[in-house]
Amino acid sequence: MTDSHYSRRLFLQGAASLALAERLRTIAPTAQAFAKQKRPMEARLAFVASCSMRGDKIQAFSIAKDRWTHVDSVASRAPSSVVLHPGKHCFYVANEVDSFRDLPRGTIEAYGFDPASGKLTLLDRKELSLSGINPRQLAISPGGDSLAVAIHGGGAYNVFPIRADGALGDVGGIFKEIGSGPRSEAQTAAHPHTLWFAGDGDALLASDSGSDRISVFHLSRAGLVRHSRVDTRPGLGPGSLIVHPGSRFVYVVNELDDSLSCYRFDPTGQRLGEELSWIRLESGVGRGVKRYSMTMDEEGRFLYVSAGDAISQWRLDSASGTVSILQRWRGDVGSAAALTMTGDGQGLLLLDDARDRVVQLEVKRSTGAIVRAKEMARVVSPKAVAIYAC
Amino acid sequence: MSITVTSQDARYNTLKRSRNLRWPAQETDAVSSIELCETAEDAARALQKIIDAGVRPTIRSGGHCYEDFVVNNSGGTILDLSLLSVAHLPEDGKRYRISPGRQLGDVYLDLYKRYGVTIPAGSCYSVGAGGHICGGGYGLLSRLHGLTVDWLSAVDILTVDAHGKVILRRVDAKHDPDLFRACRGAGGGNFGVITGFLFDDLPPAPQEVVDAGISFSWDEMTESRFISIVTKYGGYLETQAKAPDTWGLFTMFGLTHKSAEHLSLSLQFCNPDGTCRDLSVVNEFLEIFRSCGGSSTAVMAPARHAARESAGLLCPEMRPMTRRRYLEATASISGSGGIRAKYKSSHMKRNFTEAEARCIYKHLTMDVPGVDMRANYLAVDSYGGAVNRASLVEETASWQRSSIMKLQFESYWAHEEEDKARLQWVRDFYNDLYSDPGVSAEFAHTPYPGDRYEGCYINYPDCDMLAHSFWPQLYYGDQGLYPFLQAVKRKYDPNNIFHHAMSVRA
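These protein sequence lines are chains V and F, in that order.
Numbering of the first sequence is given in full-length UniProt numbering, commencing with residue 1 and proceeding in unit increments.
Numbering of the second sequence is given in full-length UniProt numbering, commencing with residue 1 and proceeding in unit increments.
Each hint can be trusted.
Partial chain V-side listing against chain F, Cβ under 10 Å, derived: (1) Ala156; (2) Ser180; (3) Gly181; (4) Gln187.
Using C-beta positions, here's what the derived DEER-type ranges look like: (5) V:Arg221 x F:Gly370: 40 to 48 Å; (6) F:Asp200 x V:Ser99: 38 to 46 Å; (7) F:Ile3 x V:His227: 22 to 30 Å; (8) F:Ile3 x V:Ser324: 53 to 61 Å.
None of these hints come from the bench; they were simulated from the model.
We treat Cβ as the ideally placed atom computed from N, Cα and C, and that holds for glycine.
Make the full structure from the sequences, and use the hints.
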């Protein structure tokens, strides 16, 4: 018998995972700690999600200084997001599908990998809550005990417990988002976009481009509970979201408005505060292509926003949170599907799905400026990437 | 205020379950709470609370859903309307009102005692009006008076707008007519929470009915005899039963597994004027089985219901019948529940072919090692009559208006260990029956709408059908009803709050 979907068994599993994660903190860095370390490039792996007519797959690459080497591939339906576990040799994939076993629901997958060879093993595949279709983004708690899913099509958030072996438990938290906005072409219903665990993972921030809403959730035995929320100005379509190190500021790309907002965040009270700044992105960026990706350097000095074939670099004021433009870069890029930091302090990775390749953008350490682009791997229609360093 | 039942409450473990004990299939599928609502206002407040908390609501009136649509709602809340059962007070001068939580048996009693009218709804006494009516509402008087939704004048329904606000609407032919039409047959759990069905007019309750039946022993059955009996039955429904003077005849043929020892054909009849003065229709019907042997019975549906009435025997010509007061006859029919079960359905526009009858015989005589097959059967109910008024196709969401028979494949059992074998038997039976050479390969294993079949009944949902990409056409036809319902869904439930495995997918 269980007294809720958070059964005692799940609770103990979660507790065990937490305890394990606490131990791992001492022997293995968390994701954020990973990001802060500078590692040699020779001991790393990349896991790239790609979707094409020739088959959707997850590909593993061994990363060398100048080139990635393909080491393994596994089929995976419409992978849209990849996140690495902070302490285990596994990662998680969102499958942007609208049906699984004849029901309207997407799925997520857990993969294990051999850190030496990069060989992949499917650990688990879990269905999302009913009507939770087309998930697009995943976030993993810093302790590595929970995986959160932003379900674009179904207008919901799901949270899954992560077991000691890296596999997933049954969905343990479900939040059905409801709302709409004035932009009928994109806002007839809620469309959860991005999730981000802030601080120690107590707060889960979520943007919703369909309902013009940014929420702060927390996980409890009762499930996924909304602690607070901010309704943005109507029609902004808040999408990509990043919490600044220190958790005082939150940056959000407004996808329907082609703008960038900065909000104050109170990590103790788990509340999003006032909008500190709002800056138009469209000038010189993207030429009307409204597919944005955003990433931040490890120290929180610079923000990079991709849109189409262009990237803008913004300086972040760590005291006030305000942003100012530093660079607008347009190189030999077709269209950026995703932008992320390489994790080794060397620069950025850009997934160019128009030219079927992964590109590394070298940045100047002192200024953060993009100085050159280099193709690292050929990947048909890359969508998402995660980097592992041992 | 609604009554909130959570896991700390002693009622929780009962109320979280379905009457079909297969659901929830696992503990993690179960809801976290149940909100019991006694008024429409309760329901509105509870629904708003559920929405605001980001929780998924599922709706229950009587709890007879065959599939897991209500109780498979991990962490969600059941909005239980079984206490929302206000009696039938007329509104606006002449309307009859039926609350969704009212059980059909009580509906018949109330309508009869207060007004002398009835609804042509189902024979299962404890079925809740909410799910039954919005899926069409069909029963023993349907050949005489049509479906219950054919009489429906308005619906009170709670919808949730794009911003998450609960709105109470009264929809009818002039106000939100698209939603009103959708509520007339598309099935429950799709668009909102119905808190009342309103009728301007209802048919008078019959003064009396006669029950009769024939029992055929499996001991004396052969394949050829079985085929003869079954095709005689279907042949009557395909021909003579189309005459309006027969519309008061409702028949149920329980094609039980051979281990149940008897096949039971039963009927209820009254003349269109609500009397039983002229029983020539009944005699004509029974006469066609004279050459088939069998022993006459004078009770309604003995295979399904054990009720037996000995008083008032009437023996016109050759067959015993029981003349009964309408209300007594209706109230004595009971329902099922509290057991594991699987159901499938189909509508038939033509009599059984010999091949189909042979296929049915094969599966009803098939033994499954270790399984008691007595509670496995195919119920073949008469259909048509007043239901088949073509004009109602466009007015309602009940589109099956050409059928002569409605088939329900049923299996009941007690223990989870038998699930696999039971389900396999039903599935094999169904797939085999619809693998006839007359079935297009594209639509094999289904009664896809066409010359012979008219799909499945949404009130007898079967998630096995989800394996077919064309499952919406099985339940809603291929003449544009499903796209219409999808548009209604987008308009009135833009955030897809009300959903289940077979809900309309926008």
